[in-house]
Amino acid sequence: MAADEDFGLTPVEALACGTPAIALRRGGYPETITDGRTGLFFDEATPEAIRDTVLRFERDGVACSPQELRAAAEPFSRVHFRSAMTRIVNEAIAHARA
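Every number in this note's numbering is 36 more than the matching position in the sequence shown, counting from 1.
Keep in mind that the hints were calculated from the coordinates and are not lab data. We treat Cβ as the ideally placed atom computed from N, Cα and C, and that holds for glycine. Some hints here could point you the wrong way.
For each label pair, taking beta carbons as the anchor points, the in silico distance ranges come out as [unchecked claim]: (1) Ala134 x Gly97: 50 to 56 Å; (2) Ile124 x Glu84: 22 to 28 Å; (3) Pro83 x Ser113: 53 to 59 Å; (4) Glu110 x Thr82: 31 to 37 Å; (5) Arg133 x Glu80: 49 to 55 Å.
All chains should be built: construct the whole structure from the sequences, respecting the hints.
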C-alpha cells in the first residue's frame with residue numbers, strides 16, 4: 037500500500053471479499069476503514085507496528101462479519117459511484133441552466 041494514497045482502494049477490495057483490512061492510518065485509508073470494525077490501523081510505517089497490529093488482529097479480530105464487511109464496501113461500488121456522479125453532473129447542468 038502506498039502510504040499517502042488519496043483513496044484507499046486496496047482495503048475496499050478486501051472488504052468486498054469479506055476480508056478485514058490492516059493499513060497505515062494515513063492518506064485515504066481512514067475514509068475506507070473503520071478501526072476495529074472493518075479493519076485495523078497501524079500508525080507508524082515500521083515492521084514492529086505492522087507486527088503489533090497483525091498480532092492484535094489475531095487476538096481481537098474485528099467487529100464485523102464477512103457479510104457486514106462486504107456491505108461496508110458497497111458504498112464504494114461502481115453502481116454507487118456511477119449513480120452519485122450522474123446525480124452530481126445533472127445537478128451541475130441544472131444549476132448552469134438556471
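Is 53 to 59 Å respected by the C-beta to C-beta distance linking proline 83 and serine 113?
At roughly 34 Å between Cβ atoms, serine 113 and proline 83 fall outside 53 to 59 Å, so the hint is violated.
Hint says 22 to 28 Å; check whether the CB-CB distance for isoleucine 124 and glutamate 84 agrees.
About 43 Å separates the Cβ atoms of isoleucine 124 and glutamate 84, which means 22 to 28 Å is violated.
Assuming the hint says 49 to 55 Å, is it satisfied by the Cβ distance from arginine 133 to glutamate 80 or not?
holds (51 Å)
CB of glutamate 110 to CB of threonine 82, is that within 31 to 37 Å?
holds (33 Å)
Is 50 to 56 Å right for how far apart the beta carbons of alanine 134 and glycine 97 are?
holds (51 Å)
Going down the numbered hints, you'll see the structure goes against 2, 3, while the others check out.
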